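A.B. asks: Can you make the complete structure from the sequences, with help from the hints?
Letter by letter, the chains look like this.
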Amino acid sequence: MCVGLSAKVVRIQDGTAIVDASGARRDVSVALLDEVEPGDYVMVHAGIAIAKITDEDEHETDELLEALYA
Amino acid sequence: MSAMEAGKVTLAMGAGGKQTSELIERVFARRFASPLLTADDAAVLESPRGKMAMSTDGFIVSPSFFAGGNIGKLSICGTVNDLACMGARPLYLTCGFVIEEGYPLDKLEQIADAMAATAAEVGVTLVAGDTKVAGRGQVDGVFITTTGVGEVVEGASPEGSKAAPGDAIIVTGDVGRHGCTILLERDDFGIEADVTSDCAPLWASVEAMLEVTRDVHVIRDATRGGVGTVLYEIAGQSDVGVELDAASIPVDPAVGGVCRMLGLEPLYLACEGRLVVIAPQEHASALVEALRSCPYSGGAAIIGRVTSDRPGWVVLNTEVGTQTLLPQPTGELLPRIC
Amino acid sequence: MSGQERQTAAQILAAYDGPPLRIMEVCGTHTHEIFRLGIRKLLPSQVELISGPGCPVCVTPVGFIDEAIWLAEHGVTITTFGDLVRVPGTSGSLASARAAGARVQVVYSPLDAVAYAREHEGEQVAFLSVGFETTVPAACLAAEQAVAEGLSNFSLLTANKTMPNAYAALRDSADVFLYPGHVHAIIGTQLCEDLARQGVSGVLAGFTAKELVTALAVAVRKAGEGEPFFVNAYPRVVRPEGTPVAVALINKLMEPCDTEWRGLGVIPQSGLRLRDEYAAVDARRVHGMPHIEGRANPACRCGEVLRGACKPSDCPLFGRGCTPQHPVGACMVSGEGSCSAYYQYGGDLL
Numbered sequence: 001m002c003v004g005l006s007a008k009v010v011r012i013q014d015g016t017a018i019v020d021a022s023g024a025r026r027d028v029s030v031a032l033l034d035e036v037e038p039g040d041y042v043m044v045h046a047g048i049a050i051a052k053i054t055d056e057d058e059h060e061t062d063e064l065l066e067a068l069y070a
Numbered sequence: 071m072s073a074m075e076a077g078k079v080t081l082a083m084g085a086g087g088k089q090t091s092e093l094i095e096r097v098f099a100r101r102f103a104s105p106l107l108t109a110d111d112a113a114v115l116e117s118p119r120g121k122m123a124m125s126t127d128g129f130i131v132s133p134s135f136f137a138g139g140n141i142g143k144l145s146i147c148g149t150v151n152d153l154a155c156m157g158a159r160p161l162y163l164t165c166g167f168v169i170e171e172g173y174p175l176d177k178l179e180q181i182a183d184a185m186a187a188t189a190a191e192v193g194v195t196l197v198a199g200d201t202k203v204a205g206r207g208q209v210d211g212v213f214i215t216t217t218g219v220g221e222v223v224e225g226a227s228p229e230g231s232k233a234a235p236g237d238a239i240i241v242t243g244d245v246g247r248h249g250c251t252i253l254l255e256r257d258d259f260g261i262e263a264d265v266t267s268d269c270a271p272l273w274a275s276v277e278a279m280l281e282v283t284r285d286v287h288v289i290r291d292a293t294r295g296g297v298g299t300v301l302y303e304i305a306g307q308s309d310v311g312v313e314l315d316a317a318s319i320p321v322d323p324a325v326g327g328v329c330r331m332l333g334l335e336p337l338y339l340a341c342e343g344r345l346v347v348i349a350p351q352e353h354a355s356a357l358v359e360a361l362r363s364c365p366y367s368g369g370a371a372i373i374g375r376v377t378s379d380r381p382g383w384v385v386l387n388t389e390v391g392t393q394t395l396l397p398q399p400t401g402e403l404l405p406r407i408c
Numbered sequence: 409m410s411g412q413e414r415q416t417a418a419q420i421l422a423a424y425d426g427p428p429l430r431i432m433e434v435c436g437t438h439t440h441e442i443f444r445l446g447i448r449k450l451l452p453s454q455v456e457l458i459s460g461p462g463c464p465v466c467v468t469p470v471g472f473i474d475e476a477i478w479l480a481e482h483g484v485t486i487t488t489f490g491d492l493v494r495v496p497g498t499s500g501s502l503a504s505a506r507a508a509g510a511r512v513q514v515v516y517s518p519l520d521a522v523a524y525a526r527e528h529e530g531e532q533v534a535f536l537s538v539g540f541e542t543t544v545p546a547a548c549l550a551a552e553q554a555v556a557e558g559l560s561n562f563s564l565l566t567a568n569k570t571m572p573n574a575y576a577a578l579r580d581s582a583d584v585f586l587y588p589g590h591v592h593a594i595i596g597t598q599l600c601e602d603l604a605r606q607g608v609s610g611v612l613a614g615f616t617a618k619e620l621v622t623a624l625a626v627a628v629r630k631a632g633e634g635e636p637f638f639v640n641a642y643p644r645v646v647r648p649e650g651t652p653v654a655v656a657l658i659n660k661l662m663e664p665c666d667t668e669w670r671g672l673g674v675i676p677q678s679g680l681r682l683r684d685e686y687a688a689v690d691a692r693r694v695h696g697m698p699h700i701e702g703r704a705n706p707a708c709r710c711g712e713v714l715r716g717a718c719k720p721s722d723c724p725l726f727g728r729g730c731t732p733q734h735p736v737g738a739c740m741v742s743g744e745g746s747c748s749a750y751y752q753y754g755g756d757l758l
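Chains A, B and C supply the protein sequences, listed in that same order.
Just so you know, we're using this note's numbering here: the first sequence kicks off at 1 and counts up by one.
Just so you know, we're using this note's numbering here: the second sequence kicks off at 71 and counts up by one.
Just so you know, we're using this note's numbering here: the third sequence kicks off at 409 and counts up by one.
A couple of the hints might just be wrong.
[Unchecked claim] Among chain A residues calculated to face chain C with C-beta under 7 Å, some are:
(1) Ser29
(2) Leu32
(3) Met43
(4) Ile48
(5) Ala51
(6) Ile53
(7) Thr61
(8) Leu64
(9) Leu68
[Stated by the list, open to error] So the derived label-pair ranges between C-beta atoms look like this:
(10) Ser453(C) x Glu352(B): 37 to 45 Å
(11) Phe135(B) x Ser453(C): 52 to 60 Å
(12) Glu179(B) x Glu531(C): 35 to 43 Å
[Stated by the list, open to error] Which stretches of chain C does chain B cover? Using the computed rule of at least three CB atoms under 8 Å from a CB of chain B, they are:
(13) 463-469
(14) 489-498
It should be emphasised that the hints constitute simulated quantities derived from the structure, not laboratory data.
None of these values were measured; they are calculated from a predicted model.
Quick reminder that beta carbons are idealized off the backbone N, C-alpha and C, glycines included.
C.D. replies: See below:
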């Protein structure tokens with residue numbers, strides 16, 4: 001439905017951010033998000049940042065599994 | 071001011087008269103100079119001692135200059151590598167140019183420089199050439215066709231139909247860099263990355279392998295369609311299965327980033343300096359070691375094995391410990407959002 | 409159950425010994441990743457994964473491609489995501505229209521389509537706006553930008569869809585839904601909570617191997633407990649409130665409309681169209697397009713495949729006349745179409 005790219009914000013200028021995914025860089029719009037700063041991670045879809053995120057899935061999936069035993 | 075002084079290729083330069091001679095003299099003859107380069111209608115050459123390999127390839131690439139090379143370097147590497155894949159030491163090359171009217175002479179000289187340098191590095195001799203000029207818009211810049219003759223190393227006979235169950239599968243470096251470079255150079259998608267084409271002549275790598283063993287079953291250069299396409303071709307030709315370990319396939323991080331951005335598979339991006347090698351398992355680590363000592367195959371790695379299961383298919387061992395098929399290429403690479 | 413020995417997600421899946429369970433991955437990107445990672449092989453035989461209708465390319469009716477080709481034939485430059493280029497219309501695709509001389513530009517973002525329009529003043533430019541809540545904000549930003557800049561040569565050809573009423577239409581198709589992570593990154597999780605209260609169970613899933621396998625483990629474990637449930641298994645991306653700015657933007661430019669989903673028929677109020685205030689960027693109105701009715705190949709069973717009512721290999725065209733190289737139905741074109749995934753990844757072969 002929607003390929004998402006997790007990428008790091010490198011620079012911000014006028015509602016546009018340069019994001020970096022393993023060395024691939026592109027302008028994306030951050031108009032949908034409040035308070036994005038360089039160093040933040042965002043989920044990018046079709047050239048738009050759709051959410052501010054944390055970049056790793058390990059911690060979260062561990063917690064979900066742990067919750068199954070609560 | 072003459073056209074030559076204006077620095078542009080004209081139709082008259084392709085008409086066969088004095089201006090043609092001037093063009094050939096200025097751009098090609100002095101760069102490709104050797105005792106074998108003919109000034110007559112054909113080069114007359116010593117025959118190779120053993121079996122002879124011969125190959126031809128046409129080169130059109132847009133843009134014709136890219137990070138890591140240009141169409142001239144590509145045109146030498148392409149034919150040299152095709153010969154090398156048959157275990158043949160490249161001896162002689164011919165080249166034919168079709169140049170668009172108005173093409174800048176200095177760029178043509180840079181192309182010829184790259185051809186001369188690459189040929190010298192490999193030790194192959196340019197023995198004959200042809201130059202045509204086409205009207206504006208009839209070609210895109212410059213098209214080059216090269217034809218090569220090589221001498222097959224005695225005892226070597228790699229062929230696409232020789233992959234056998236149990237063989238190891240080796241790539242000579244990270245995959246998809248040329249295709250990614252061209253995609254970035256065209257700048258259709260606003261993406262930037264520090265990626266350089268892998269365009270390189272690979273005879274030295276093949277020679278190093280053949281010094282380890284002549285018993286190399288398949289050597290293929292993974293050009294258009296990339297490593298994935300080549301593996302499907304070999305699986306079909308040899309009627310065997312191919313099993314890859316997804317995690318062991320070398321991909322440059324930035325190439326991986328570009329691919330994730332656009333939803334592309336690096337195994338299907340073109341390479342211009344990467345071989346797929348299939349050889350008996352017992353030689354695999356020595357072959358990789360030999361490859362890694364050569365300048366253009368330092369990133370060689372074993373990526374999988376040939377099996378008798380599921381002939382004709384390429385299977386990937388995934389990061390979750392399951393197996394899945396490598397999807398077959400569908401032609402034009404299109405970025406996707408879904 | 410505390411004190412029980414901890415299992416990995418894969419072990420939880422393998423150990424499931426409850427009654428048969430049908431899990432529908434609504435999202436086509438989930439379908440694609442599930443095939444790419446071979447995740448079906450982690451499931452015991454009584455857990456069935458059904459691929460749902462969450463691929464915008466697959467549910468876009470044939471007539472939309474015909475409309476795009478009509479525009480192209482009337483001199484409009486088509487800008488589009490790559491996904492749509494090879495989708496067959498009634499008598500051809502954008503790829504074949506391009507070969508016949510139409511201008512078709514593949515773009516990464518709708519904002520790039522606006523940039524193209526800005527740089528090509530002499531051309532009329534239409535962007536093919538497909539996609540769900542995830543993708544709509546990008547198209548809306550593009551349209552707003554074109555309006556703000558006073559560009560008179562940019563418009564959207566819309567075929568956007570929204571999920572809520574589709575969930576309602578699908579509610580009996582599965583026991584548990586794997587909800588599309590990026591749609592809910594925009595619209596939030598309230599809808600999923602409400603569905604759970606109505607007895608519809610679901611897990612909101614991410615897209616990495618870990619996230620998908622974990623979400624499935626949560627699904628089988630919770631299903632075994634018997635109560636309807638909702639778990640957000642993608643909280644690093646999806647907040648309960650979603651992305652309110654995006655929702656507001658969609659509502660500003662677009663309004664709900666009835667729309668046809670290929671295979672599912674017309675689902676009331678499940679589509680989006682541009683509001684009258686934005687008629688100037690609505691390709692249908694700008695270019696005076698007539699009503700165009702598409703005609704799908706009658707043998708194609710994409711519709712049933714999309715409802716999970718038949719497997720791709722049950723279709724008479726599958727692999728015979730309909731392949732990723734020569735697709736007949738949309739499900740064979742898109743990388744996340746069920747037929748394409750099934751064909752490319754060997755279906756029953758592995």
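A.B. asks: Give a verdict on every hint.
C.D. replies: Taking the hints in turn, this is what the structure says about them:
1. Ser29: Holds, because the Cβ-Cβ distance from Ser29(A) to chain C comes to roughly 6 Å (cut-off 7 Å).
2. Leu32: At about 5 Å, which falls below the 7 Å cut-off, the nearest Cβ of chain C leaves the hint on Leu32(A) intact, so it holds.
3. Met43: Hint holds; Met43(A) Cβ to chain C Cβ min 5 Å, cut 7 Å.
4. Ile48: 4 Å, holds
5. Ala51: For Ala51(A), the interface hint holds, since the closest Cβ of chain C sits about 4 Å away, which is under 7 Å.
6. Ile53: Holds, about 5 Å.
7. Thr61: 4 Å, holds
8. Leu64: 5 Å, holds
9. Leu68: Hint on Leu68(A): holds, closest Cβ of chain C at ~5 Å, below 7 Å.
10. Ser453(C) x Glu352(B): 37 to 45 Å: 40 Å, holds
11. Phe135(B) x Ser453(C): 52 to 60 Å: Hint holds: Cβ distance 57 Å, inside 52 to 60 Å.
12. Glu179(B) x Glu531(C): 35 to 43 Å: 37 Å, holds
13. 463-469: holds (count 3)
14. 489-498: Since three or more residues must qualify, the claim that chain B covers the region 489-498 of chain C holds, with 5 doing so at under 8 Å.
The structure fails none of the hints (numbered hints given earlier).
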